[in-house]
Amino acid sequence: MSKASQNQTWIILGATSSMARAFARDVSARGATVLVCGRDMDDLISTAQDCLARGAKTAEPCAFDARDTSSFAPIIDRATAEDGVINCAVFVGSMPTQNTIDAEPDLINGTVQDNFTGPATFLQMLAPELESRGNGTVVGVGSVAGDRGRIGNYVYGSAKAGFATYLSGLRNRLTRAGGHVVTVKPGFVDTAMTWDVEGMFLVAAPEKVASDIMKAVTKKKNVIYTPFFWRYIMLIICHIPEFIFKKMSI
Amino acid sequence: MSWKTLDTTGWGRAHRASGDVARPERASQLKRLLEKSAVPAFGMRRSYGDAALTSDAPSLDMTRLDRVLSFDETSGVVHVEAGLPIGDLGRMFAARGWIPPVMPGTGFATIGGCIANDVHGKNHHVVGSFGQHVTEITLIQGDKTRVITPKNTGIFQATVGGLGQTGVIASAKMQMAPCKGDLMVLTERRIDNLDEFFVAFDDSSADYTVGWIDATAKGANLGRGVLEESEITSGVNPGSGKSKSVPFNAPRWALSAPIVRLFNEMYFRRVPASGRTSVKPITDPFFPLDAIHNWNRLYGKNGFNQFQCVVPLEATNCLRIMLERIAASGLASPLAVLKKMGAGRAGYMSFPMEGYTLAVDFPNRGSAEYLVRELTDLAREAGGRIYFAKDGLAQAKQIAGMYPEQEAWQQEVAKADPERAMETDLVRRLQLRGAPAEADQPSQDQSKMSQGESA
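Protein sequence lines correspond, in order, to chains E and F.
Last residue of the first sequence: 250 (my numbering), numbering continuous.
Last residue of the second sequence: 1455 (my numbering), numbering continuous.
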């Protein structure tokens, strides 16, 4: 309860995505200071205005590019200017289709930067500040695709897997300083990324994912699947013996 | 930005369309899409018939463009993207002392849809229609973006209530109304017949009034129902109620005549004979059905049609005949509403006129179609009109003359969209923009009809 009464600042990376927007609305409704970070400044200005209208104490757009580490420090400086608790939610990511990557293997670097090394570098720079304040929550959005490499999107999946492993280590580090890390593994979510992807099922609304994340933050969950049943779907997929799995195309 | 082929339906689920749909999430994407080609846009598709449908042609889903772009706490002017549901706006600002001056029967309707249909609320007799409170519209016409205000008379009046034909509404500014809080005092009392309803509407001094009608009642009980009067009061709603959902399509018998009669009897008796008053969260009286998600499934997989008309004040006999036909048909559902409207309207094709509006849902069964067409003719003969946001069944010849400013609208629309790229299924079905040039036969029919009307 004491935490809720303190000033909360949320850095939201990848704030142009629909999941991030929904989450920004949730933290705004709780009166947080919101820094919406991404590349499309015009769009971020609109989102920041929307956060203000929905109850944010303040809301500002910040330029962030996962592939440009020089964009990181100004955001961290802006956040540390605020008193109270600093939190960060990472919604950054990109998902070129496996076929596109097969045709152009160089795309792997960018995919790994967007989904893993970019946000990890940012969090690595932010971590000392959270440690010194002795609080704060990091939300890292991975994907169920990171739980096992599949023929359909194993480059994206492996980048997300790397990020999940990083978050696990960061949790280990921040927990002993009083902070917390939530790893979020969404299943299929109805976003621009998945709009024209075929074969989707059990698709969740971004608002549902955002509210699941908020619950996980409040309850200090470590790893959540959203919607929850993806935990069981992935449990089954992860337990298929490799000699069978390698012949499957799911 | 990508497209995918989607099957869509209107809220009544009796009308369907299939076409390519893109769903932009950023204003810049919307602009880019429309630069390539002008296409119609839709929101939450809460229009009952085919007003929001486009068959065999691309269209845009606007629901992800749903942000508040600015809000002036002192003047109450809010600028929002077109895909924002109006109920969200109500929930966001009511506790801070501002409320959308006009809210339709569902909070899920988007601002773009509220403008394109110039919707009305239970307070229409006091504040007029939605469009009368809109101060600015950002309209995208292909590769042109225009900001229009009520001073741009022609294009503004063609856009408000204009069914999306003048361009895609990207965002709009509106003047909110100050309010004391987000609670409402709701008074309900039984009304024993139609004449009593007319008297009750005349006597009511409430800001928000609406009558529920038992459309199955006959004889001396014809037009009986419950009058709901409400006012906003101070105080803040402590918490939001839980919503329920209809998980699957109801079977056909669920809305059969005996069950509807029984339900209506109970619904009527639910209100004590002496009436009752209660305090409710603001969204309850505004959006009674929104508490049940997917309530349209109650009508089963075939869906339903709603008939809504408005007739002049003196046409009370027309309403009586309509109710007699409806009761005799055994097709009515529990959803029937009567309201006295004021004269307020903001566009050439706006629905409201001073008079009584009657809305009744009918399951989508064979004979309902004929009944709705018959009711449509009755409305026209009485000098009234039907509401495009609800309609899915009328024929082009039936609506000729209902909208006296249709020609002015057609001229503005022809200027705004000469290629007819914005036509939706409803606009085509009712030939609202005039018959297509290449089809000679229907065009002759329509000119005959309009001559007949003016003679």
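Certain hints may be false.
Stated by the list, open to error - Straight-line distance between alpha carbons at most 25 Å, and here's what the computed DSS-like set of lysine-lysine pairs gives: (1) F:K1004 <-> E:K208; (2) F:K1415 <-> F:K1173; (3) E:K208 <-> E:K219; (4) E:K221 <-> E:K208; (5) F:K1244 <-> F:K1301; (6) E:K219 <-> E:K57; (7) F:K1244 <-> F:K1280; (8) F:K1031 <-> F:K1280; (9) F:K1301 <-> F:K1180; (10) E:K215 <-> E:K57; (11) E:K57 <-> F:K1031; (12) F:K1244 <-> E:K215; (13) F:K1173 <-> E:K208; (14) E:K57 <-> F:K1415; (15) F:K1031 <-> F:K1004.
As the list claims (entries may be wrong) - Pulled from the structure, derived: some chain E residues nowhere near chain F, Cβ distances all over 10 Å: (16) S46; (17) T47; (18) T69; (19) E104; (20) F188.
Simulated from the structure, these hints should not be mistaken for laboratory data.
None of the values given here were measured: they were computed from a predicted structure.
Every residue gets a Cβ at the ideal spot worked out from N, C-alpha and C, and that includes glycine.
To see whether the hints hold, each was checked on the structure:
no. : hint                : in the structure
1   : F:K1004 <-> E:K208  : holds, 23 Å
2   : F:K1415 <-> F:K1173 : holds, 24 Å
3   : E:K208 <-> E:K219   : holds, 17 Å
4   : E:K221 <-> E:K208   : holds, 17 Å
5   : F:K1244 <-> F:K1301 : holds, 19 Å
6   : E:K219 <-> E:K57    : holds, 23 Å
7   : F:K1244 <-> F:K1280 : holds, 17 Å
8   : F:K1031 <-> F:K1280 : violated, 42 Å
9   : F:K1301 <-> F:K1180 : violated, 43 Å
10  : E:K215 <-> E:K57    : holds, 21 Å
11  : E:K57 <-> F:K1031   : violated, 31 Å
12  : F:K1244 <-> E:K215  : holds, 21 Å
13  : F:K1173 <-> E:K208  : violated, 29 Å
14  : E:K57 <-> F:K1415   : violated, 46 Å
15  : F:K1031 <-> F:K1004 : holds, 18 Å
16  : S46                 : violated, 5 Å
17  : T47                 : violated, 6 Å
18  : T69                 : holds, 25 Å
19  : E104                : holds, 19 Å
20  : F188                : holds, 14 Å
Of the hints listed earlier, those the structure fails to meet are numbers 8, 9, 11, 13, 14, 16 and 17, in rising order.
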